[in-house]
Amino acid sequence: MVRGWDQRCLSLVKGWDQHCLSMVEGWDQRCLSLLKCWDQHCLSMVKGWDQHCLSMLKGWDHHCLSMVKGLDQHLLSLVKGWDQHCLSMVKGWYQRLLSLVKGWNQCCLSLVKGWDQHWLALVKGWDQRCLSLVKGYDQHCLSLVKG
9 MVRGWDQRCL
19 SLVKGWDQHC
29 LSMVEGWDQR
39 CLSLLKCWDQ
49 HCLSMVKGWD
59 QHCLSMLKGW
69 DHHCLSMVKG
79 LDQHLLSLVK
89 GWDQHCLSMV
99 KGWYQRLLSL
109 VKGWNQCCLS
119 LVKGWDQHWL
129 ALVKGWDQRC
139 LSLVKGYDQH
149 CLSLVKG
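The sequence shown begins at 9 in the working numbering and counts up one residue at a time.
No lab work stands behind these hints: they were computed from the structure.
Warning: the hint list may mix true and false statements.
Claimed, not checked - Within a straight-line C-alpha distance of at most 16 Å, the following computed EDC-like cross-link-like pairs (lysine to aspartate or glutamate) qualify: (1) Lys44 with Asp124; (2) Lys22 with Asp124; (3) Lys132 with Asp69; (4) Lys66 with Asp25; (5) Lys110 with Asp69; (6) Lys99 with Asp69; (7) Lys143 with Asp58; (8) Lys88 with Asp69; (9) Lys154 with Asp14.
Can you make the complete structure from the sequences, with help from the hints?
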């Protein structure tokens, strides 16, 4: 009769172990797929901003150059001053846009890192709960067998 109980307890504990492992593995897969989606979303958003900024700057450069080429020698000194103003303005805009993109990158990275930490802590908590549950069942089964 004791051996029968041992077998039942062992099969119960093995079943719990398998159940806990499959549950934790499922959580790991869900967490990884969620993080990959966030990474892709952040990258596509940043790439879109980069493309938008570059196309805007190229259009502005082309516009300034065509305007300068059309003017005569008398207006060249005025145009040179305007060029410097346009360039400094464009550089300022470009610097602001770069800092904005860098800020978005940092925000996305910190968000993803936060999610990583949250999910890892959650998975570790589940692991600990499953292990303590299995240990409790082991102790219970052993006390039944000894008693």
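Comparing the hints with the structure gives:
1. Lys44 with Asp124: Between Lys44 and Asp124 the Cα gap is close to 11 Å, so the pair holds against 16 Å.
2. Lys22 with Asp124: 30 Å, violated
3. Lys132 with Asp69: 54 Å, violated
4. Lys66 with Asp25: With Cα atoms ~61 Å apart, Lys66 and Asp25 exceed 16 Å; violated.
5. Lys110 with Asp69: Not satisfied, since the Cα-Cα distance of roughly 23 Å exceeds 16 Å.
6. Lys99 with Asp69: 11 Å, holds
7. Lys143 with Asp58: Distance ~54 Å between Lys143 and Asp58 Cα, so the pair is violated.
8. Lys88 with Asp69: Holds. Lys88 to Asp69 sits at ~14 Å (cutoff 16 Å).
9. Lys154 with Asp14: 10 Å, holds
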